[in-house]
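So the chains spell out like this:
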Amino acid sequence: MALRILNNKKGTWAWADFLYFFFYVALTFVLALSISHIPDSILNSVLQKGNLEYTINNDRMDNMLAYKDPYSGRLNYLVLESDNMISNETVKNLLIFPKDKKIAVALSLDGKKYYWRKKYYDIAKPLTPITYESIVNTRMVQLPSNVWGKLTIEQVYKPS
Amino acid sequence: MISKKGSVMDIVLMPVFVTGVVLGLIFLTLLYKIGTIGSDMQFEKKGIAINSALLLTALQDVHSNVEYIYASMRPFVYDFQNNKVIVYQKKLNESGRGLYTFAEDGSLGRVIFIPNKLNGTKLPVPRIFFVKQGNEVTVDSPYVNKKFTPNLKLLECSLHKSKEKLSNILLDPGYGWDAVLAGQGSANPGSKGDVKGNIVESEINRVLAAKVLGYAKDVVADKSAHTRSLSRDSKADINERINVIEQGSSNSVISVHVGNYPDKSFNPVLAYINGDSDKIADSRKLACNILNQLSKKIPEITDLSIIPVSVEQLDMFEKDNPQRVLRKDKIGVQLVIGNIQMEDNNILANKLDEIAEAIKLGIEDFK
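Line by line, the protein sequences are chains A and B. Residue numbering for the first sequence follows the working numbering, beginning at 1 and increasing consecutively. Residue numbering for the second sequence follows the working numbering, beginning at 1001 and increasing consecutively.
Hints should not be assumed to be uniformly reliable.
[What the hints assert, rightly or not] Keeping only pairs whose Cα atoms sit at most 25 Å apart, straight-line, the calculated DSS-like set for lysine-lysine is: (1) Lys68(A) to Lys1351(B); (2) Lys1146(B) to Lys1351(B); (3) Lys1163(B) to Lys1328(B); (4) Lys118(A) to Lys101(A); (5) Lys102(A) to Lys68(A); (6) Lys92(A) to Lys1161(B); (7) Lys1084(B) to Lys92(A); (8) Lys49(A) to Lys1161(B).
These are computed hints drawn from the structure, not numbers from a lab.
Let the hints inform the model, and build the full structure from the sequences given.
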């Protein structure tokens, strides 16, 4: 077919040139880029971190909220330091994330929720687990006033 | 296929020619990629940055001390900044550098990260040490910083803000023996405590308390306010010392004693605190800060330990229970320092100034 077009004296030479360059030149670039990127993506695939970082962060926040027993020096995860421990002030002072880190944190006790980066949370949360991911850790805790409550620590983030 | 005039365009537009060019380009690209893949450090830089950042995150989560060694390091610059790790060869912002971020503890946290930059391009850095020691997470290498030695004895201290500030601290040098009374044949010249060679506990305790006063005049009570004279070894039984503590206006007491253990390789500092006191959290924090400073200043110390005791229970078993000076209403620490049985390089004989200075630094760390 191609040969016929080339040899066709009445044919449209300009279109034939265009078609050949369009396919072959474009294909060259596509192949060259693939050759360049495929090894990188294969090598980098072993650098996938999963949600390891966020799981550790969750544990760190758990530690910070736990009651520190002054007698033994140990942490008691079933008890919170104080009745008003879960607050806006607390959620701000748990972890310092880098400014450009795409993450939001929410703390809640018995449904009352406190946020760090609430705007980001409101955008990202409905899009989990498609565009964003989240880690939610819920457990029962005892307040110093002996009341039990359900504590939730949630991180919503963009996987990198 | 080729015109009789032999147009160049006819050749260029030949499918066989174009296909050949395309395949040639692909082949050259492939060769180039294969040629550079061995020398491309991008993967390693990224891998090290990610691993380091995740390791630093994990170290900020653990409670005990950890020393983690990264070996066989490449000649890169390892820049451990607050919140991020950057690994590069020539320029901080070069393409292909490794960069990964991590979260630091906020004000409710337990650990402080100390940033550092290790340049392995100028000097080989075969090993990098990631260390969690006490309340610090740090990255360093003895190949770059000759003074760097991880101290895995340090304790993790509470970072809570105390409601009280330490002021007019009372010093309680344990025991007390009066040579004049003894010379006069008194039946009760006091007690020397433990004695080994030239080391007499009552005298060492007194000298040490006097040195602490010298180093920390701002926070320690006046010379005359302490449980016994700091100028000369004098008799003071435990009840007299307790009276001084109870009647004094000070909110805190530091008692100093000398350790005595048969194992001559055991050279600890133990800090007793009153486990029944409402101020136990503050006492633990003060004890922890002093112990850590002692360990930093005096490498000969082998162990650190904070021991909460029930003074009432101990009183039932021992008439002159030395921990009785730890009153419930005061922030109090009783230090039992070193081991009098140590024969070589005994810190009780030749490091009293360092001990006193460390106690002062520990008091300063309590804020």
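Structure-based check of all given hints:
Taken as a hint, the lysine 68(A) and lysine 1351(B) pair is broken in the structure, with Cα atoms around 34 Å apart against an allowance of 25 Å. For a cut-off of 25 Å, the pair hint linking lysine 1146(B) to lysine 1351(B) stands: about 23 Å separates their Cα positions. As the CA atoms of lysine 1163(B) and lysine 1328(B) are separated by approximately 16 Å, the hinted pair is consistent with the 25 Å bound. For the given pair, lysine 118(A) sits about 14 Å from lysine 101(A) by alpha-carbon distance, which is consistent with the 25 Å threshold.
Restraint check for lysine 102(A) and lysine 68(A): the C-alpha separation of about 31 Å exceeds 25 Å, so the hint is violated. With a C-alpha separation of about 18 Å, the suggested pair lysine 92(A) and lysine 1161(B) falls inside the 25 Å cut-off, and the hint holds. With a C-alpha separation of about 19 Å, the suggested pair lysine 1084(B) and lysine 92(A) falls inside the 25 Å cut-off, and the hint holds. As the CA atoms of lysine 49(A) and lysine 1161(B) are separated by approximately 36 Å, the hinted pair breaks the 25 Å bound.
The structure does not agree with the numbered hints 1, 5, 8 stated previously, though it agrees with the rest.
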